[in-house]
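The lines below spell out each chain.
Protein chains: 2
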Amino acid sequence: MINITLPDGSVRQYSKGVTGLEIATSISEGLARNVLAVKVNGSVWDLSRPIEEDASVQLLTWNDDLGKNTFWHSSAHLLAEALEELYPGIKFGIGPPVENGFYYDVDLGEGKTFSQDDFAKVEQKMLELARAKNEYKRQEVSKADAIKYFTEKGDQYKLDLLQDLEDGTITFYTQGKFVDLCRGPHIPNTGFIKAAKLMNVAGAYWRGDEKSKQLTRIYGITFPKQKELTEYLERLEEAKKRDHRKLGKELELFAFSEKVGMGLPLWLPKGTLLRERLEQFMRKAQVKAGYQPVVTPHIGSKELYVTSGHYEKYGADSFQPIKTPNENEEFLLKPMNCPHHCEIYKTRPRSYKELPVRFAEFGTVYRYEQSGELHGLTRVRGFTQDDAHIFCRPDQVKEEFIKVIDLVLYVFKALGFEDYTAQVSLRDPENKAKYIGSDENWEKAESAIIEAAAEKGLTTVTELGEAAFYGPKLDFMVRDALGRKWQLGTIQVDYNLPERFQLEYIGADNAKHRPVMIHRAPFGSLERFVAVLIEHCGGNFPLWLSPEQFAILPISEKYQDFAQQVYDRLQQDDIRGFVDNRDEKIGRKIRDAEVSKVPYMLIVGEKEQENGAVSVRKHGEGDLGTMTVDEFIATFQSKIAEILNN
Amino acid sequence: MINITLPDGSVRQYSKGVTGLEIATSISEGLARNVLAVKVNGSVWDLSRPIEEDASVQLLTWNDDLGKNTFWHSSAHLLAEALEELYPGIKFGIGPPVENGFYYDVDLGEGKTFSQDDFAKVEQKMLELARAKNEYKRQEVSKADAIKYFTEKGDQYKLDLLQDLEDGTITFYTQGKFVDLCRGPHIPNTGFIKAAKLMNVAGAYWRGDEKSKQLTRIYGITFPKQKELTEYLERLEEAKKRDHRKLGKELELFAFSEKVGMGLPLWLPKGTLLRERLEQFMRKAQVKAGYQPVVTPHIGSKELYVTSGHYEKYGADSFQPIKTPNENEEFLLKPMNCPHHCEIYKTRPRSYKELPVRFAEFGTVYRYEQSGELHGLTRVRGFTQDDAHIFCRPDQVKEEFIKVIDLVLYVFKALGFEDYTAQVSLRDPENKAKYIGSDENWEKAESAIIEAAAEKGLTTVTELGEAAFYGPKLDFMVRDALGRKWQLGTIQVDYNLPERFQLEYIGADNAKHRPVMIHRAPFGSLERFVAVLIEHCGGNFPLWLSPEQFAILPISEKYQDFAQQVYDRLQQDDIRGFVDNRDEKIGRKIRDAEVSKVPYMLIVGEKEQENGAVSVRKHGEGDLGTMTVDEFIATFQSKIAEILNN
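Respectively, the protein sequence lines represent chains A and B. First residue of the first sequence? That's 1 in the numbering used here, and the numbers climb one at a time after it. First residue of the second sequence? That's 1 in the numbering used here, and the numbers climb one at a time after it.
No wet-lab data here; the hints were simulated from the structure. Keep in mind it's a predicted model, so treat the numbers as computed, not measured. Certain hints may be false.
Because identical chains cannot be distinguished in the list, a pair is counted as satisfied if it fits within a single copy or across any two copies.
[Stated by the list, open to error] Computed list of lysine-lysine pairs in DSS-like fashion (alpha-carbon distance at most 30 Å, straight line):
hint : residue 1 : residue 2
1    : K137      : K353
2    : K16       : K585
3    : K302      : K323
4    : K403      : K16
5    : K398      : K143
6    : K398      : K413
7    : K403      : K225
8    : K246      : K177
9    : K211      : K346
10   : K148      : K346
11   : K137      : K125
12   : K270      : K398
13   : K284      : K639
14   : K259      : K353
15   : K240      : K288
16   : K270      : K346
17   : K249      : K153
18   : K197      : K558
19   : K607      : K589
20   : K259      : K112
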């Protein structure tokens, strides 16, 4: 008998050679129907592979990322099988799972092409083969046999791949008539695949090498239920509508210019107001939380980054040094603000009494990304962090963590992110040597983070070995309105920079001590955050943030003066908006305001003018009736207070 | 007879060969006593030099910069004469006038030194020689004779200088026993010099070449009245106290770090708050004036600056291009924001109806300066401009100019700069070819500026030929509390960038037109402005700007709770300050608050607590008596409204 430890810590005994599927069956019939693969001591295995020794075992279903992965990898084989039936003589490159689905790189043969028009028949063939419930069969083969097989088949690509493999490690997987060189693992049979859709077709060089032959890359996605495919396609459609690049252009928030440079956003007036409001919001919250603002330059001497260690680690892959004309100097565009803040800390001696010191800066940093990697505002070459560095005593780490968590949660609430979890990244306890900092400090910091997260009632996942070499951290994973996950708001303990910059404070014992540093940025990058926010709310920003909170729409020219009076009154209370004085019909004005997603439309005509009132229309909600201007202001302000008051 | 035209335009007739002194005497006895030199057709001459033809003539006195210049140049000769008497065998390099006074570079001979201890005896000798009223005599000499003279004297430096001079252009000046190689001009005699003071002594390489011999540079200053020297020394003393580098450190406003780099200021928390307040002030005023904020990156592709023309003109003397690791790209740190703003203008078509468009950015720019040229915040390598660019139709230039002038004057008023003049820089009418832009546009813009300045009642000086090649401009020259002049607030018309960037708008005629661009920055550089402001107000910032507007000083621990209540109440009205809860005597607390220049000290003890009141003490004014907290707030707010409400 062997001992099988399950994720909940329970241990069960099975005969030697038990399979994942047998374990699932022993637990429940339902689980056995849904299980896709099994994780054994950290590696993913076929469900049919015998387990010969004591092991930690996790049964993987569609709800696990690794389960989905296996499902889509098997689906790539299914795609290949379908293609081989439809296009005899087709040759295959590689076919891995990706974030959403899978692809296969194929060589259709001289002069043959593949386009969207061919998708339907391939999808049909895939589903037909899936219904056959063909088993994915694993088979160990010798290198010689493998070479023989693909030589006979005439598949040069698989032969290429075989060259790099060692004899004794080679496996084939077969389902139906299709045989593939593959390390596995796979789901039990094709019957699990109930819905299939090809998504895209593109060119791809064999092995990513521009000098090699260009193959055809076919992207697809599959699901265990038809309903999930339908929902996925709907989400995709919605995501397209909400694409921040599209909305950013429509709402005139930002733009790019080739002459300025790729990945370097130009913030247009409305986008700048949005940014300024986010900054102002954070600035206010930070002042309240005891942060002190600082401003530092966007470059630093190379020496600064040699000291911090960044130059050694990232120098070659970064924007290259800036030389000066007459002097032997080198500067670097700053990739982060921490070294500058360390230098501010050092401008005078610090006492234990004044700690923690918290320096905050909306610091614009520049990091080189290859042009092909750039994407809207989510992947740029220059971005502004809502950065801060806390310098504290080791005994203050927990309290500071709690305060930062409070700040992050306040941000999430104010911006409508309600679905999030926290990941706590700790040291690998087996491999303490690779971390800098004393055992005592690590233990103190790790338990501080764990306790702080618990006290704030966060749902957490703890990952051993995921800490940076210089300290443990806590990340927030936020799920947006379309169910996509974003990492926002990292809190990172750092023992390294205080060491490298020789930071000190005078303790109560009058001796010199080293402070602990905490890096944190609730938004992270303002650019990326705005992109996520645009897509999360589909451009309907929270009222307090909206670039234009109201539009006053006079029914005709006669009411322009009254409209202006209402405008002036709202301005006094810092409510933002405009009067639409265009010579257009009221219907057109309302339509245009709806398209611009202005939250409140205030329509003024004769009746309103007589009563000092406005007819209020809310974006997406419709008519709210007539109210006096003061009533509107009161309603408006209570809406905002609801969100922003902690 | 010849015609002599005086600066007021009047023409007088004199015999051929008349001298500047004779003209002065013909005008008034007093002028003849005070005249130092004469400007003849743009060149400065000795007063004794005969004028042989019709000429424009300006008599120069101590009140003219060129008069002072001549006075100090002659004083350098007087210093040399004194040194030669006291240090026989001394050799002379060069001795020019400088901004405040003059210097002479001398070689005292092997092993001899000169220090502050020697100043007094040299000053006495100078005054003794001055009292002799020795005439400065001009003499034309052949190159051979000049070489002979200095060879005999053994002065290698003057021989060095002679090498570069052409025969027929060489003159000597002699006063008393001292003969110098000199182009002149000089004042009539040493008797004009009534006060002399040596200021400093330093090393200086001959001809600025580190490989040459190091000479001794002796700085001095002289005046036509003893009283003026006394006042100058007092101002100098006051300027030292107000030096922004000293106050910046004392008030913890900013710092520099060698590791970050020279000339790259780190703004400390209090300085950052000051900066933010200035920005907020300007932002508000700009929104009111119809500006739209934008944000652009701190780098731009080299192509951007090739288009703008900056690369060709300044590229070699700037921070060098930034390369990227994998791609053939080059970026430049942005030295100005205008090219970026042109690209924003181009993000969509513009109609004549939406002009003027005004893009404003607190844009941080980087310009290379040699390390030796750097000085506190006034000469830095990175600074933030309160920059904006107005894109308008040619017919809107005047109105826009008036609006910008209004904004600049609002800034001056809010910051206590009361003494300023405006300089209008126009085309050289004789040399129109060197300017870009049509005649019609230039005429329109120049008269727009002149009319705008007149309408705003500005005291102006008009300078022909001082316009940039791309447009006319208006500069403000501000005199600070110590009488020093600063150029603040430039408004510049630009026809060049719209051309280079091919900017357009669709006119009422449906055809494409080119907009005019106006550059403007009321503060100029925030860094330099803060430096000027610190020195202007000696660190006593205007109340609205003060980092800490009040300090609440509880008489003892017993009143800390009440102090906190007062603090909370003031916070509600956005009044900034702190409670001094240290365990110190009230006298000490007041002293410390005075040193930190906190405008209002609010002392709270038993009586105040009973009455919900505070005892108010104003910095530099003393006790204002007891008032309720609400009364204090009202007083405080009316003080601020006085300054800020336009």
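**OP:** Check each numbered hint from earlier against the structure, then list the numbers of those it violates in ascending order.
**Re:** 1, 2, 4, 5, 7, 8, 9, 10, 15, 17, 18 and 20
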